[in-house]
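S.K.: Quick note, the sequences are listed as chains R and X, same order. Note that our numbering numbers the first sequence so that position 88 is 891, with each residue one more than the last. Note that our numbering numbers the second sequence so that position 21 is 64, with each residue one more than the last.
What the hints contain is simulated information worked out from the structure, not anything from laboratory work.
In silico SDA-like pairs for lysine to any residue, Cα to Cα no more than 25 Å straight-line:
{"hint": "1", "chain 1": "X", "residue 1": "Lys104", "chain 2": "X", "residue 2": "His53"}
{"hint": "2", "chain 1": "X", "residue 1": "Lys92", "chain 2": "R", "residue 2": "Ile829"}
{"hint": "3", "chain 1": "X", "residue 1": "Lys104", "chain 2": "X", "residue 2": "Arg120"}
{"hint": "4", "chain 1": "X", "residue 1": "Lys104", "chain 2": "R", "residue 2": "Tyr906"}
{"hint": "5", "chain 1": "X", "residue 1": "Lys104", "chain 2": "R", "residue 2": "Asn907"}
{"hint": "6", "chain 1": "X", "residue 1": "Lys92", "chain 2": "R", "residue 2": "Ile808"}
{"hint": "7", "chain 1": "R", "residue 1": "Lys825", "chain 2": "X", "residue 2": "Pro83"}
{"hint": "8", "chain 1": "X", "residue 1": "Lys92", "chain 2": "R", "residue 2": "Ala804"}
{"hint": "9", "chain 1": "X", "residue 1": "Lys111", "chain 2": "R", "residue 2": "Tyr906"}
{"hint": "10", "chain 1": "R", "residue 1": "Lys855", "chain 2": "R", "residue 2": "Ala822"}
{"hint": "11", "chain 1": "X", "residue 1": "Lys92", "chain 2": "R", "residue 2": "Asn907"}
{"hint": "12", "chain 1": "R", "residue 1": "Lys818", "chain 2": "R", "residue 2": "Arg866"}
{"hint": "13", "chain 1": "R", "residue 1": "Lys816", "chain 2": "X", "residue 2": "Pro83"}
{"hint": "14", "chain 1": "X", "residue 1": "Lys92", "chain 2": "R", "residue 2": "Asp859"}
{"hint": "15", "chain 1": "X", "residue 1": "Lys92", "chain 2": "R", "residue 2": "Gly843"}
{"hint": "16", "chain 1": "R", "residue 1": "Lys860", "chain 2": "X", "residue 2": "Gly142"}
{"hint": "17", "chain 1": "X", "residue 1": "Lys92", "chain 2": "R", "residue 2": "Tyr906"}
{"hint": "18", "chain 1": "X", "residue 1": "Lys111", "chain 2": "R", "residue 2": "Asn907"}
{"hint": "19", "chain 1": "R", "residue 1": "Lys816", "chain 2": "X", "residue 2": "Gly86"}
{"hint": "20", "chain 1": "X", "residue 1": "Lys92", "chain 2": "R", "residue 2": "Ala805"}
{"hint": "21", "chain 1": "X", "residue 1": "Lys92", "chain 2": "R", "residue 2": "Pro830"}
{"hint": "22", "chain 1": "X", "residue 1": "Lys92", "chain 2": "R", "residue 2": "Gly806"}
{"hint": "23", "chain 1": "R", "residue 1": "Lys860", "chain 2": "X", "residue 2": "Tyr70"}
{"hint": "24", "chain 1": "X", "residue 1": "Lys156", "chain 2": "R", "residue 2": "Gln844"}
{"hint": "25", "chain 1": "X", "residue 1": "Lys111", "chain 2": "R", "residue 2": "Glu908"}
{"hint": "26", "chain 1": "R", "residue 1": "Lys860", "chain 2": "R", "residue 2": "Thr918"}
{"hint": "27", "chain 1": "R", "residue 1": "Lys825", "chain 2": "X", "residue 2": "Gln88"}
{"hint": "28", "chain 1": "X", "residue 1": "Lys104", "chain 2": "R", "residue 2": "Glu908"}
{"hint": "29", "chain 1": "X", "residue 1": "Lys104", "chain 2": "R", "residue 2": "Pro913"}
The following residues of chain R were derived to be distant from chain X, with all beta-carbon distances above 10 Å:
{"hint": "30", "residue": "Ile815"}
{"hint": "31", "residue": "Glu817"}
{"hint": "32", "residue": "Lys818"}
{"hint": "33", "residue": "Thr823"}
{"hint": "34", "residue": "Glu854"}
{"hint": "35", "residue": "Gln870"}
{"hint": "36", "residue": "Phe872"}
{"hint": "37", "residue": "Tyr875"}
{"hint": "38", "residue": "Glu885"}
{"hint": "39", "residue": "Thr918"}
{"hint": "40", "residue": "Val919"}
By construction, the Cβ of each residue, glycine as well, lies at the ideal position given by its N, Cα and C atoms.
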Amino acid sequence: AAGVIQSPRHLIKEKRETATLKCYPIPRHDTVYWYQQGPGQDPQFLISFYEKMQSDKGSIPDRFSAQQFSDYHSELNMSSLELGDSALYFCASSRGGFGPLGYNEQFFGPGTRLTVL
Amino acid sequence: AQSVTQPDIHITVSEGASLELRCNYSYGATPYLFWYVQSPGQGLQLLLKYFSGDTLVQGIKGFEAEFKRSQSSFNLRKPSVHWSDAAEYFCAVVTYNQGGKLIFGQGTELSVKP
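Isolated chain X (complex conformation) (with noise of 0.2 Å):
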C-alpha cells in the first residue's frame, strides 16, 4: 500500500533562516502530492500541490516543493521562515486507484527561534 513519510518530527529554525521539510512517498506510479499547513487546534491549509509538469512548484506564503521521482520525494522549502510560519505540516498523497482519499505523513511540528 502506498505510504507517505516525513523523516522529521520536530524542527527548529531561526527566524530568517531557510527551511526544508522532507517528504517520502512510497507508489509505483507518479502519485498526486500535497503540502498542507496547520496551526494549533486550526483546519488544514492547502500550500501547495504537484499533478504533473514542472517539478518545481511555488506555493502560497512563499513555498516551494520540488518532486523528484528518482528519490521518490516532494521536498517542501522556503528561503527565510518568518515567527508565523510555526505550525504542523503534513506532506499527502493522492492515487487514482484509490478513491481520491488522500493519505498524510505523520507531520513535521516546525517550531520558530526569535
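If we strip away everything but chain R, and leave its shape as in the complex, we get (with noise of 0.2 Å):
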C-alpha cells in the first residue's frame, strides 16, 4: 500500500539559510499534519491543512510556512534557519479530520532529518 512520501529524508543547511521540506500523501488523502521533534523530545503539532486551506496552527514559527497544493501535497518553508530548527520533521495525511463519522487516522511520513550548522 502507498504511503507517505517525504522528501528530502535528510537536509544540513547553514545558519540563516533557508530549506524547504515536501510532503506527498497517502492517495485520495486531502489532509496533512506537520510535527516537529526536537532531539529527545516528543513531536510537536506545527501547522495542518484541510482540502488546501490552513485548519489549525500549533507553536509554529513566523520564520516557517507552509502551503498544500492543488494535488494535496504540503511544502513546509523554512527561512532564516537557526541552530534551534534542527529536529526530524514528520509528515502526517488522513482522508479529513474531524468528520461526521469521528476521527480519521493519521498515517505518519518517515520524517525528514533537518541538521542547521
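Two independent chains are provided; combine them into the complex using the hints.
M.R.: Written out as C-alpha cells, the structure is:
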C-alpha cells in the first residue's frame, strides 16, 4: 500500500539559510499535518491543512510557512534557519480531519531530518 | 488545555518479562487515544488506538492497552518483551475540538536486557 512520502530524508543547512520540506500524502487523502520533533523530545504539532486550506496552527515560528497544493502535496518552507530548528520533521496525512463519522486516522511519513550547522 | 503525561522517562526490563508503560491524559471528555512506537531515527508506527467501546484494545506486535476512565489512564502492556521491542513509546491523544491534531506525551524509552 502507498504510504506518505517525505523528501528529502536528510537535509543539512547553514544558519540563516532557507529549507523546503515536501510531503506527498497517501492517494485520496486530503488532510496534511506537520510535526516537529527536537532531539529527545516528543513530536509537536506545527500546522495542518484540509482541502488546501490551513485548518489549524500550532507553535510554528513566523519564519516558517507552509501550503497545500492542488494535488494535496504540502511544502514546509523554513527561512533564516537557526540551530534550534535542527529536528526531525514529520508529515502525516488523513482522509478528512474530524468528520461526521469521527476521527480519521493519521498516517505518518518517515520524516525529514534537518540539521542546521 | 488537554495534556498527556508519561511518568516514566526510561524503563528497563529483561527479555521475556512483562511490560507496562503508563499514560495519563487530562481532558474533560473521552478523547481518542493512541500508542505509537519509534525506533531510533525512524518514523512513528501506530501500535493501537482507542476510540470507544471495549476498554481493552489489542494492537500489533502483541501489545494491548486498557482505557480506564476513572483513572484517566491508557496504559500499554505486553506479557513477554522481546529484544526487538527496545524503542521509544509515545502515548498520544486527539480531541474533537482541537482539529484532529495529535498531542503527544513526553515518551518512554524502553531498554531490554538479555
